[in-house]
Structures are given as structure tokens and as C-alpha cells.
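Asks: All chains should be modelled from the sequences, with the hints used to inform the complete structure.
Chains as they are written, first to last, in the working numbering: chain A, 1 to 273; chain B, 1001 to 1340.
Some hints could be false.
Stated by the list, open to error - Derived list of chain B stretches under chain A, where covered just means 3 residues or more per stretch with a C-beta under 8 angstroms from a C-beta of chain A:
#	region
1	1076-1082
2	1097-1111
3	1294-1308
Hints are computed from structural coordinates only; laboratory data are not their basis.
Fair warning: this is a prediction, and the values are worked out from it, not measured in the lab.
For each residue, glycine too, the CB sits at the ideal point set by N, CA and C.
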Amino acid sequence: MIGWLLALPALVVLALGFGLPLAVLIRVSLNRTVETGAMETAFGLQTYRKILADDFLGQIALDTLGLAVGCAAAATVLALPVALAIRAAPRGWQGALALAAIAPLLVSGTGRIIGWLAILGDGGMVNALLLALGLPSLRLINNWTGVRIGLTESLMPYAVLVLLAGLGRLDPRLDEAAATLGAGRVRTFWRVTLPLAAPALLAAFALTLVLGLSAFITPKLMGGGRVFVIATEIFDLALETVDWPAAAALAMLLLLGVGALAALRWLLPERSR
Amino acid sequence: MHLLLERLSKRFGRNPPAVDRLSLAVPRGAILALLGPSGCGKTTTLRLIAGLERADEGRVRVGGRDLTDLPPERRNIGVVFQSYALFPHLSAAGNVAFGLEARGVPRGERSRRVAEALAMVGLADLAQRKPRQLSGGQQQRVALARALAIRPEVLLLDEPLSALDAQLRDGVREEIRALQRRLGTTAVFVTHDQAEALALADLVAVMNEGRVEQCGTPEEIFETPATPFVAGFVGRSSRFIGVVEAPGQVRIGGIALAAAATPPPGPAQVFIRPHHVRLDAEGGLPGRVVTRAYEGATALVQVDLPFGPLLAAVPAGLPVRPGDVVGVAISPEALRVFPA
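Replies: Shown next, in the form of C-alpha cells:
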């Protein structure tokens, strides 16, 4: 009872800042857009039907899923050595290293992307290096490649966090036991470390996948207007086309999709959650 | 000698060395106990033998082969960890098979040897259980089977009984002993429990501050301690400060006692084991009984002598009570005298 009372201010803020807009969003998504582009009050699923039948939006949904799955997988795989290295570090260093690994979260998304522009841009560090080596330059920004790089990087801190929390079962004694039994580092990694890290890897993948599906800033700023994902499409529908019912309905569909993915985890066996 | 440690040293950071120029020799098939208080370097010594720590100096040799520079996976030394360190995602059989897979033992022979090792520790029926489905004692046996399945040159056990209930310990101790005997495996185990060391080992090395104080059979360690530390650490004893006056004679607090062996004349410390003290001697030293603790077959009696309190282990039937004045006799062989 007292818990509820203490939570009341936060619940009120949530209701006003999250619940209410969501309700408005649902309501708007049920409206109709007429030929002239104006919104007309209605109460039906016509906008949803229109979106689901739209091949262009279907392609965008597939692209978004592909981007999110690829980047989440890459972020998770790249985060594993980072998390393992932090765990293997001397105790006094672990906190500082973990902080360093998640420091990108402390920088604004826009600031981080400006950093990427300096590295990946046509006159950026990578291409300057390639030029100096006499190699052909690469287009690393304002396309899917740039978005993939940027999104993977922005997801990694989350993956590191989840892995650090989830690798509790990895007792360093197990590595030692494997070594005394004759297993080299490679065998120990595949037969001991990886199986025991699997639940944490799955959790990290699930979280970064959900974040990747709804990513907006990175595709918008690093895609150079050439990369379309659901989040950027919602933005365009709402602010460029000014088709609010379509934007609202697409947002609802994205929310449902993400919710469904999150719900999938509850179907997994208890132990691997 | 099957296992030879030659002047091994290991220092962590700026601390005093954990292991300090330690040398030991264990004959093939023997079982050695590393006994000492916590922090004496016994576990570090074990880890140096296994290759889990790199020695700063010294050599580790097994069967004439110098292992010092080999990583643990190439030493063929089995280890039973204090926490067992079983792989939680593998069954008992999977754990035992792990070392055989790493050695590339073909599938057929592998399953035969896994079954053999599990049968050896009496766990044939539980082969498919995961570690968390096994009791502490069963996990310990899986760890033992896993370490023995690779047919190690040397078996190392870190506090093998410390995680077990008191009732289980004696049984498991006997099993480990019997298995080690049957397989003829040279073994080293670490313990801080002297009863365990004396009962289980052929040789006991008493360690203190990274060095071996004395290495010998349990009887030698117990009956003829080589240093004051060993005399004080192993078994119960009463300690006195005195003076060696002449060969064979020690004076403690004004009373002259005969001793079988003495260092050159000078200040000395004297250790006396309770079971070497008699309280029913005619014309012995008069002493007053202070406390009496019944211990089953014997009673531990504290007697006040003119030069201080002395412990005596006497038959439980001996009728002494606190307050009694008794005649105390100490045989010359009972006195262990060291220069102070």
C-alpha cells in the first residue's frame, strides 16, 4: 500500500506523459485521411488496412527488420569480448572499464553521429588513410553501410551492460578446470564460455533488437535521406506528408511488433531468460 | 622421485613471497599433504604444480620431465578444486568426458572410460545428472572422477573435504585414499586440518610463510617436530620458556627436567605433548588440577605446575577432579626442546 503511495507521483507522470499520448495516438490512428490530405474524424481500421496492403511500407518493414537483426547480432557478438575482458580485469579496474564501455550512452546521439561523420565521411579518417595508402575510397556514410556501422555502435553499450549482468555463471575457476583437463583456449571458449554465456547473449540480442527496430536518429542522420526504416517513415508521414492517421497507425504497428518480440522471450525456458 | 619441486618461488605484487624457495620430493604413488595455516602458500604451491600460476623461480619436474614452462593444458596433472568447478551445463558424464575429448580419445573408448571413472566413484547411476542435481558429496566424486579419467601423472586436491559435512568426511577420505592406492597415482593435497593430513597422507609437508618447515611421515611430524612452528602447529602441546643447562637437562622456572635430546646450552623453548604426561606418578611433581574435559576415551586435564599450566591427556577412567593435587611425571622423550 505504502509502495503504491510512494509510486503515485511517478505513476501520474507516466499517465500524463506516456499513457495519454498513447491513447491520443490510438485515437488518431482510427481516423481517416481524405483525398485532399485532410484528416477526417472516423472510427475504423481503414488506415491499418491501407498500410498493410502497401508494398513500399512492406519493403521498409523488411529492411528495418533486417537492419535491426543484423546490427543487434553484430553488437551482441562484438560486446561479448568486451564483457569478457572487463570480467577478466583486476577487480579494481572492472568498474572503470565497465564505465568506459558504456560511456557512449552518456554522449548525445547527435554528437556521436557527428563523430562518425568525421571518421567515415568522404574526407574522413578512414578514406584519408585509404587515400594515403593509394587504395580506392569507400562510401561509408549516407547509405546503408553508414547506418549499419552507426547503429551497431550505438547498440553495443546496451549489449555490454546486459552481458556483464548475465555472465554471473562464468566462474573463472571453470576456465582453470578446463585447462587442467587439457583444453586449450579455443576449446574452452566453445565448450565452456559460450554455452554458459548463451542466455546472456540471447538477452542482449533481444534488447538490442528491440532498440534497433525503433532506431530513428542513426538512420535519419547517417542514412543521408537514402535509408528508409519504419521510424523515419513515421517521422516523414507525420511531418512531411502530414498524414497523421497513417503515421499513428504505423507507430502502433511498430509498437505491436516490438511488443510481440519482447513477449517471445517469455516463451523461452525459465533458465535461459 | 616422481614429483620434484626445486626452489620454487612466487611473489604477488609487493607482498612477501607467497612461496619462498620451496623444495619437495614425492615418490611415485605416494600421497603428500601440504599442511599449514591459511595464507602459508600451500594453495599457491598447488597452483604452481598445476601450472595455473607461473613460478618466478625454480622448477617443477614430474617423472623426470621439466613442466615449469608448460601451460596447464599440456601438463597432464589432474586437479580437484575446492569448489569442484564442475561445468554446470554438462552432465556428470559430460564433465568426466571433457578431458578425454580434449585429448582426442575416440568416441568408443571415451564412453567406456567415462563409465569406468564414474563407476569407480560409485556414480554410475547418476551419469546423466547435471551438477546442480547432485549433492555436495556427489559433486565431489564427479570432480574426482573427472580429474582421474585423464589418467594424470599427478593428482592435486585443494582442501578436498572442506566443503563436506563432518559425517561424510571420514568416508570420502577413505575412498580417496583407496582410489589413489589402487590407481597408484601420485597425489598432493592441501589442507589446514591436521587430522586430515595425518590420516590421509604418506608424507606431510608443514608449511609456514611460503616455506616448508618440515616434511616427513605423519609419525615423524607428530612425534619429532623439527621446528618450534611444527611442534606448536601439529597436535596439542604445552609450551614453556626455559634454559638448557647441560646436555640432557632443561630448567623451566626453577625446576630441572631431564630431556632425551637438547640443543647446545642456552635459552630454549620446550614443547610437551599431553599424551606424554602422567598424573598418577608416585613422587612426581606436585600439580593442582584446574580443569578436566572429557573427550571419550581420554580426558584432557589442565594441571597448574610451579612454572605454568600443563596439558595432560589421561585415560578417562583416571579419577582426577579440579582441585585435586596429583603427581605429574614427564618422560625425558616427551620434551621437545628448541633454541629460543
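Asks: Each of the hints needs a verdict: does it hold here or not?
Replies: Hint check:
Coverage of a stretch by a chain is defined here by at least three residues with a beta carbon nearer than 8 angstroms to that chain's beta carbons; for the region 1076-1082 of chain B and chain A the count is 5, and the condition holds. Here's how the region 1097-1111 of chain B fares: 5 of its residues keep a CB closer than 8 angstroms to some CB of chain A, so the rule of at least three is met and the hint holds. As drawn, the region 1294-1308 of chain B meets chain A at 0 residues by the rule of a beta-carbon pair under 8 angstroms; below three, the given contact is violated.
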